[in-house]
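Protein chains: 2
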Amino acid sequence: MKNLLVTEMRCALCQKSYQPDQIRYTCPDCGTDGILEVLYDYGQAAPSMQPKALRQAKPGLSRYAAILPIANPSHLPPLRVGGTPLYHPQRLGHLLDCPNLYVKDDGQNPTGSFKDRASAICVASALDNGIDLITAASTGNAASSLSGLCASVGLKTIIFVPEHAPQAKVTQLLMFGATVLKVRGTYDDAFELSMQATAKFGWYNRNTGFNPFLLEGKKTAALELWEDFGYRVPEYVAVGVGDGCIIGGLWKGFKDLQRLGLIDKLPKLIGVQAEGSSVLSKAFKNGDKVVAEPDADTYADSISVGMPRAAAIALKGVRDSGGFFITVPDSKIMEAQVMLAKYSGVFGEPAGATPLAGIRRCLEEKLIDHQAEICVLVTGNGLKDISGAMKSLTVSAYSIDRDPSKLETSLKELHIV
Amino acid sequence: MKNLLVTEMRCALCQKSYQPDQIRYTCPDCGTDGILEVLYDYGQAAPSMQPKALRQAKPGLSRYAAILPIANPSHLPPLRVGGTPLYHPQRLGHLLDCPNLYVKDDGQNPTGSFKDRASAICVASALDNGIDLITAASTGNAASSLSGLCASVGLKTIIFVPEHAPQAKVTQLLMFGATVLKVRGTYDDAFELSMQATAKFGWYNRNTGFNPFLLEGKKTAALELWEDFGYRVPEYVAVGVGDGCIIGGLWKGFKDLQRLGLIDKLPKLIGVQAEGSSVLSKAFKNGDKVVAEPDADTYADSISVGMPRAAAIALKGVRDSGGFFITVPDSKIMEAQVMLAKYSGVFGEPAGATPLAGIRRCLEEKLIDHQAEICVLVTGNGLKDISGAMKSLTVSAYSIDRDPSKLETSLKELHIV
Numbered sequence: 011m012k013n014l015l016v017t018e019m020r021c022a023l024c025q026k027s028y029q030p031d032q033i034r035y036t037c038p039d040c041g042t043d044g045i046l047e048v049l050y051d052y053g054q055a056a057p058s059m060q061p062k063a064l065r066q067a068k069p070g071l072s073r074y075a076a077i078l079p080i081a082n083p084s085h086l087p088p089l090r091v092g093g094t095p096l097y098h099p100q101r102l103g104h105l106l107d108c109p110n111l112y113v114k115d116d117g118q119n120p121t122g123s124f125k126d127r128a129s130a131i132c133v134a135s136a137l138d139n140g141i142d143l144i145t146a147a148s149t150g151n152a153a154s155s156l157s158g159l160c161a162s163v164g165l166k167t168i169i170f171v172p173e174h175a176p177q178a179k180v181t182q183l184l185m186f187g188a189t190v191l192k193v194r195g196t197y198d199d200a201f202e203l204s205m206q207a208t209a210k211f212g213w214y215n216r217n218t219g220f221n222p223f224l225l226e227g228k229k230t231a232a233l234e235l236w237e238d239f240g241y242r243v244p245e246y247v248a249v250g251v252g253d254g255c256i257i258g259g260l261w262k263g264f265k266d267l268q269r270l271g272l273i274d275k276l277p278k279l280i281g282v283q284a285e286g287s288s289v290l291s292k293a294f295k296n297g298d299k300v301v302a303e304p305d306a307d308t309y310a311d312s313i314s315v316g317m318p319r320a321a322a323i324a325l326k327g328v329r330d331s332g333g334f335f336i337t338v339p340d341s342k343i344m345e346a347q348v349m350l351a352k353y354s355g356v357f358g359e360p361a362g363a364t365p366l367a368g369i370r371r372c373l374e375e376k377l378i379d380h381q382a383e384i385c386v387l388v389t390g391n392g393l394k395d396i397s398g399a400m401k402s403l404t405v406s407a408y409s410i411d412r413d414p415s416k417l418e419t420s421l422k423e424l425h426i427v
Numbered sequence: 011m012k013n014l015l016v017t018e019m020r021c022a023l024c025q026k027s028y029q030p031d032q033i034r035y036t037c038p039d040c041g042t043d044g045i046l047e048v049l050y051d052y053g054q055a056a057p058s059m060q061p062k063a064l065r066q067a068k069p070g071l072s073r074y075a076a077i078l079p080i081a082n083p084s085h086l087p088p089l090r091v092g093g094t095p096l097y098h099p100q101r102l103g104h105l106l107d108c109p110n111l112y113v114k115d116d117g118q119n120p121t122g123s124f125k126d127r128a129s130a131i132c133v134a135s136a137l138d139n140g141i142d143l144i145t146a147a148s149t150g151n152a153a154s155s156l157s158g159l160c161a162s163v164g165l166k167t168i169i170f171v172p173e174h175a176p177q178a179k180v181t182q183l184l185m186f187g188a189t190v191l192k193v194r195g196t197y198d199d200a201f202e203l204s205m206q207a208t209a210k211f212g213w214y215n216r217n218t219g220f221n222p223f224l225l226e227g228k229k230t231a232a233l234e235l236w237e238d239f240g241y242r243v244p245e246y247v248a249v250g251v252g253d254g255c256i257i258g259g260l261w262k263g264f265k266d267l268q269r270l271g272l273i274d275k276l277p278k279l280i281g282v283q284a285e286g287s288s289v290l291s292k293a294f295k296n297g298d299k300v301v302a303e304p305d306a307d308t309y310a311d312s313i314s315v316g317m318p319r320a321a322a323i324a325l326k327g328v329r330d331s332g333g334f335f336i337t338v339p340d341s342k343i344m345e346a347q348v349m350l351a352k353y354s355g356v357f358g359e360p361a362g363a364t365p366l367a368g369i370r371r372c373l374e375e376k377l378i379d380h381q382a383e384i385c386v387l388v389t390g391n392g393l394k395d396i397s398g399a400m401k402s403l404t405v406s407a408y409s410i411d412r413d414p415s416k417l418e419t420s421l422k423e424l425h426i427v
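Chains as they are written, first to last, in the working numbering: chain A, 11 to 427; chain B, 11 to 427.
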């Protein structure tokens, strides 16, 4: 059972088209790389996506139901997913001499990350289809998001994680009642087992780049940006990139707006990767040839990906938008994380601050104009990774005596008074 | 400079009245216990607080500007403070046989806690008065909230913390650019130094129970609840209580609604304290005699308070509402934290889950009816204190082999398939 306006599922690689109910995951011809795009009867969907209609619609993802692959919007989880704030942080813009810089804070989603958008659609789709169990392989935001949203509606979750997954991340999963399976191996082993379980037991699978509906959840950030900007789009949207599914989702959202005749031109998408984990950035320069890098590593753990699972759509999307990829060293991500918090009050996780580091580089290298309208998408809350934040800090607390009579002297020594 | 509708500041202890600009902090006659209530010309304020007017007003705290002690609503920080979601979590209600149980998730504020409401008013008041520096003593949510909101507008913050403040909490302050002074002593020493600095250097002070405007920020949660419930109030509102300022603020908000003629009756306020930190609960039973307990301790660190700074208003407020205090052991707070996450998808910090533990006890002891309409206010995000959550968990992850051929056997052994 699906939104009746879904007309086809089209492979992002070979362009083969499938009937809406024919395939659940990737293109059979292209294998797990063949991520499917969900397409709609945009003519039928158009009226409810007009600004006038949306101004009357309730907040939340259900407002976009006409172009979501769900049959029943009441199956969306009851938590407040999406509708995240767009800020125009004057101080940050001033610091970078970039007055039209905007920040959309998706760390304000219920479980603290952008991934709630994708999980919400996954949950609704499971409920549409009478499915009571969802599985995924993840150590991070995707799994905690899935577990949290499933908890809100009573779906079971079974999460495969590598044995060395940080206890803090496993804690969130367990709090939400997920069954957590620690695989004595790597993330890739965990991923493989989750795929096996899906094949063998029919468990519904939320793996990134595999389940095509996730991209449809992620695209809602693009739809919101269009609304946030007053039913138009900025010149650039920058986001951190690991497996490519977020930037792919953004492209899909803007593309759908174009298909609906609601925007002429897509924002140029800037995919920002850490130097140590830059498979897609390299592929973008090398004719889309994706070469896995098993040793990929960055301090921005949410975008530390050696084998990007949504490569096809990410590369296609960035190219189609007229955008590009750029890389930044971890040191610059750390600087950006502190700068974002200190100059806008938005505490993002390292991956969330990565696009700001990218924009700084773009400005320095004159790849974009200082007057351009730019939106940085912060994809995760800094509270998710306090140890990451600790690494970013270059300042520390001062120690002072408890004796009130010494206070003024102490403060003078520290040049505070 | 102030909201011209502020008519007086009245001491919660001796009832003495002061002119709006006469006093900045507590009642001179009662000392630091004499918290002041800000009162307004409610007749003048009434039109803009009518449901019809509010339905047209922008989201955010500025919608309540008529009864906030600020001169210029544009001085409110640009972050999305307030407007937090109210949920009606069916599964949780079913579990507790309490179908009319609601949860308001204030952990969804920008820095992850209810305290953002108070900090927002403090920031606006500073900007109203041309103040560029705010100080506070805190290891927790109040300080990170103040630092975050100040970062968004460029105000300086100087935070006094005890030397053993957890590094994770200090990290948030430093990320937001606060100057952090670690006092070689206890929390009380830190508090004392912050008061000295205020007296000596004229720094604007955000300490709880001292600055009367903070309560006005906290009351906005009550105003929102009234709106969330369709311009009426539930029978009970339960909240965790440490120093008493949150429950005092809720009372003030509901009281203002009553003064405005918008509600007849206040919700009964249920103050839930941890057994190990229950000064106000004891005082409520003993004729409001507040006896400090320097050894107070609970795992719910945000409400671990031996010397409650807003005792007068908390006791008065709970009594006036027809409510009561109740205590729960830490073990029940831990259970409630897991229950809240698992059955509603809301991951609250321990203090945030405390009112749920209190409601469970009330239901068990038949202090409240199972059919009653109850709202639990979750005051902080669980991501703020992952180590606290780890202590709450009674389940753990399962370890399985990476070999796909062994998957089915492993899952059978674990009774998963």
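Please keep in mind that the hints were generated in silico from the structure rather than gathered at the bench. Among these hints, one or two may not hold up.
Chain copies aren't distinguished; within one or between two, either way the pair holds.
No farther apart than 25 angstroms at their CA atoms in a straight line, the calculated lysine to aspartate or glutamate pairs in the DMTMM-like style are these [what the hints assert, rightly or not]:
hint: 1; residue 1: K401; residue 2: E173
hint: 2; residue 1: K68; residue 2: E237
hint: 3; residue 1: K179; residue 2: D340
hint: 4; residue 1: K422; residue 2: E202
hint: 5; residue 1: K292; residue 2: E237
hint: 6; residue 1: K210; residue 2: E418
hint: 7; residue 1: K166; residue 2: D340
hint: 8; residue 1: K68; residue 2: D238
hint: 9; residue 1: K299; residue 2: D379
Predicted model, so just to flag it, every value in this text is computed and none were measured.
A quick look at each hint next to the structure:
1. In the homo-oligomer, the alpha carbons of K401 and E173 lie at most 25 angstroms apart both inside one protomer (24 angstroms) and across protomers (20 angstroms), since each shortest distance falls under that limit.
2. When the C-alpha separation of K68 and E237 is checked against a cutoff of 25 angstroms, the pair qualifies both within a copy, at 13 angstroms, and between copies, at 16 angstroms.
3. Taking CA atoms no more than 25 angstroms apart as the test, K179 paired with D340 passes in both settings, with 21 angstroms inside one copy and 23 angstroms between copies.
4. In this assembly of identical chains, the alpha carbons of K422 and E202 lie at most 25 angstroms apart only when taken from different copies (18 angstroms versus 60 angstroms within one copy).
5. Within a single copy, K292 and E237 get their C-alpha atoms no closer than 33 angstroms, and across copies no closer than 52 angstroms, so neither meets the 25 angstroms cut-off.
6. When the C-alpha separation of K210 and E418 is checked against a cutoff of 25 angstroms, the pair qualifies only between copies, where the shortest distance is 9 angstroms, while the shortest distance within a copy is 70 angstroms.
7. Taking the closest pair of Cα atoms, K166 and D340 never come within 25 angstroms of each other, the shortest separation being 37 angstroms inside a single copy and 28 angstroms across copies.
8. Taking CA atoms no more than 25 angstroms apart as the test, K68 paired with D238 passes in both settings, with 15 angstroms inside one copy and 14 angstroms between copies.
9. Proximity of K299 to D379 under the C-alpha cut-off of 25 angstroms is found in neither arrangement, the shortest distances being 30 angstroms within a copy and 65 angstroms between copies.
The structure does not agree with the numbered hints 5, 7 and 9 stated previously, though it agrees with the rest.
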